[in-house]
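Each chain is listed here by its residues.
Number of protein chains: 2
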Amino acid sequence: MDSPVEDELLRANLGFYDAIGAGDIETMDALWANTAPVACVHPGWPALHGRHEVMSSWRSILLGPAPPKILCVSPHASALGDVGYVVCREQLDDQTLVATNLFVREQNLWLIAHHHAGPLADWNVSEPQSTLVN
Amino acid sequence: MDSPVEDELLRANLGFYDAIGAGDIETMDALWANTAPVACVHPGWPALHGRHEVMSSWRSILLGPAPPKILCVSPHASALGDVGYVVCREQLDDQTLVATNLFVREQNLWLIAHHHAGPLADWNVSEPQSTLVN
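Residue numbers (my numbering), protein chains in the order written: chain A, 378 to 511; chain B, 378 to 511.
Warning: the hint list may mix true and false statements.
Note that the list lumps identical chains together, so a pair holds whenever it fits in one copy or between two copies.
Here are the simulated SDA-like pairs of lysine to any residue, each with C-alpha atoms no more than 25 Å apart in a straight line [stated by the list, open to error]:
{"#": "1", "residue 1": "Lys446", "residue 2": "Thr404"}
{"#": "2", "residue 1": "Lys446", "residue 2": "Thr473"}
{"#": "3", "residue 1": "Lys446", "residue 2": "Arg388"}
{"#": "4", "residue 1": "Lys446", "residue 2": "Gly421"}
{"#": "5", "residue 1": "Lys446", "residue 2": "Pro496"}
{"#": "6", "residue 1": "Lys446", "residue 2": "Asp459"}
{"#": "7", "residue 1": "Lys446", "residue 2": "Ala399"}
{"#": "8", "residue 1": "Lys446", "residue 2": "Pro423"}
{"#": "9", "residue 1": "Lys446", "residue 2": "Glu403"}
{"#": "10", "residue 1": "Lys446", "residue 2": "Glu385"}
{"#": "11", "residue 1": "Lys446", "residue 2": "Ser380"}
{"#": "12", "residue 1": "Lys446", "residue 2": "Ala498"}
{"#": "13", "residue 1": "Lys446", "residue 2": "Pro381"}
{"#": "14", "residue 1": "Lys446", "residue 2": "Thr412"}
{"#": "15", "residue 1": "Lys446", "residue 2": "Asn485"}
{"#": "16", "residue 1": "Lys446", "residue 2": "Ala456"}
Since the hints were made in silico from the structure, they are not lab data. Please read all numbers here as calculations on a predicted model, not as lab measurements.
Using the sequences plus the hints, can you model the full thing?
This is the structure:
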């Protein structure tokens with residue numbers, strides 16, 4: 378069973394995906410940390426650093442011609458004091474991604490400090506393949 | 378210029394890649410957190426949770442027939458109190474990855490709580506493509 382802090386992290390994580398699904402750039406902006414250093418790795422993209430770069434990317438995604446329809450699946454929250462992270466799958470129309478969302482507590486809110494999403498391979502076996510190494 | 382804490386994070390991050398490059402599973406084991414909840418997302422793999430799953434994956438990678446030759450490029454460290462994260466590129470023989478490494482301070486050591494790596498797309502233009510959305 379998740380602890381209260383993990384529940385808080387899961388709720389914050391859900392808010393993030395709700396904002397993506399709604400194409401709501403104002404809410405998205407409010408969900409990101411203001412004091413902590415922020416970064417973002419969209420699938421296949423180079424890393425973005427700082428609020429300006431990160432929010433510009435979300436504006437181009439959420440306000441673009443095809444804002445993503447996205448579903449967060451199997452989120453797993455871990456608390457590290459005033460920092461926490463959630464690992465989940467992101468189900469899009471045509472692909473499944475794995476995402477890490479890093480949260481930091483600022484003024485009693487869990488805000489996003491870092492997001493990293495990348496593709497999940499199409500596994501035909503039950504065990505990960507050692508050819509896909511890190 | 379990086380702060381002393383960011384320098385510490387960059388050194389811990391370097392140690393992680395040194396252990397991969399050396400195929401040193403004992404050092405790798407020592408680099409991961411003992412108290413904090415740990416997780417790992419290898420490129421294309423589903424998320425692994427807990428020390429047992431995570432270290433099993435590293436054993437299969439580092440002790441396998443072709444342990445990766447890997448170079449950490451352009452690491453960027455961010456400190457969040459007793460937690461920190463490093464975003465960097467991983468240059469392998471045949472591909473470039475983007476990685477997030479999450480560290481937590483335990484007994485005055487920066488240990489890894491989470492690693493997430495995924496492919497960097499082959500950009501032909503200077504701006505990220507909005508088709509590769511999150």
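Hints, one by one, checked against the model:
1. Proximity of Lys446 and Thr404 under a CA criterion of 25 Å is satisfied intra-copy only: 17 Å inside one chain copy versus 42 Å between copies.
2. Proximity of Lys446 to Thr473 under the C-alpha cut-off of 25 Å is restricted to the intra-copy arrangement: shortest distance 12 Å within a copy versus 28 Å between copies.
3. Only within a single protomer do Lys446 and Arg388 lie at most 25 Å apart by alpha-carbon distance; the minimum there is 19 Å, versus 39 Å between protomers.
4. With identical chains, the CA atoms of Lys446 and Gly421 are at most 25 Å apart both within one copy (18 Å) and between copies (21 Å).
5. For the identical chains of this complex, Lys446 and Pro496 are neighbours both inside a copy (16 Å) and across copies (22 Å), given an alpha-carbon limit of 25 Å.
6. With identical chains, the CA atoms of Lys446 and Asp459 are never at most 25 Å apart, being 31 Å at best within one copy and 35 Å at best between copies.
7. For the homomeric pair Lys446 and Ala399, the shortest alpha-carbon distance inside one copy (9 Å) is at most 25 Å, but the shortest distance between copies (42 Å) is not.
8. Proximity of Lys446 to Pro423 under the C-alpha cut-off of 25 Å is found in both arrangements, the shortest distances being 22 Å within a copy and 21 Å between copies.
9. With identical chains, the CA atoms of Lys446 and Glu403 are at most 25 Å apart within one copy only, with a shortest distance of 18 Å there and 43 Å across copies.
10. Taking CA atoms no more than 25 Å apart as the test, Lys446 paired with Glu385 passes inside one copy only; the shortest distance there is 24 Å, against 40 Å between copies.
11. When the C-alpha separation of Lys446 and Ser380 is checked against a cutoff of 25 Å, the pair qualifies neither within a copy, at 29 Å, nor between copies, at 40 Å.
12. With identical chains, the CA atoms of Lys446 and Ala498 are at most 25 Å apart both within one copy (20 Å) and between copies (21 Å).
13. Taking identical chains as interchangeable, the C-alpha atoms of Lys446 and Pro381 are never at most 25 Å apart, the minima being 29 Å within one chain and 42 Å between chains.
14. Proximity of Lys446 and Thr412 under a CA criterion of 25 Å is satisfied in neither setting, with 30 Å inside one chain copy and 37 Å between copies.
15. With identical chains, the CA atoms of Lys446 and Asn485 are never at most 25 Å apart, being 30 Å at best within one copy and 43 Å at best between copies.
16. Within a single copy, Lys446 and Ala456 get their C-alpha atoms no closer than 28 Å, and across copies no closer than 33 Å, so neither meets the 25 Å cut-off.
Against the hints set out earlier in the document, violations occur for numbers 6, 11, 13, 14, 15, 16.
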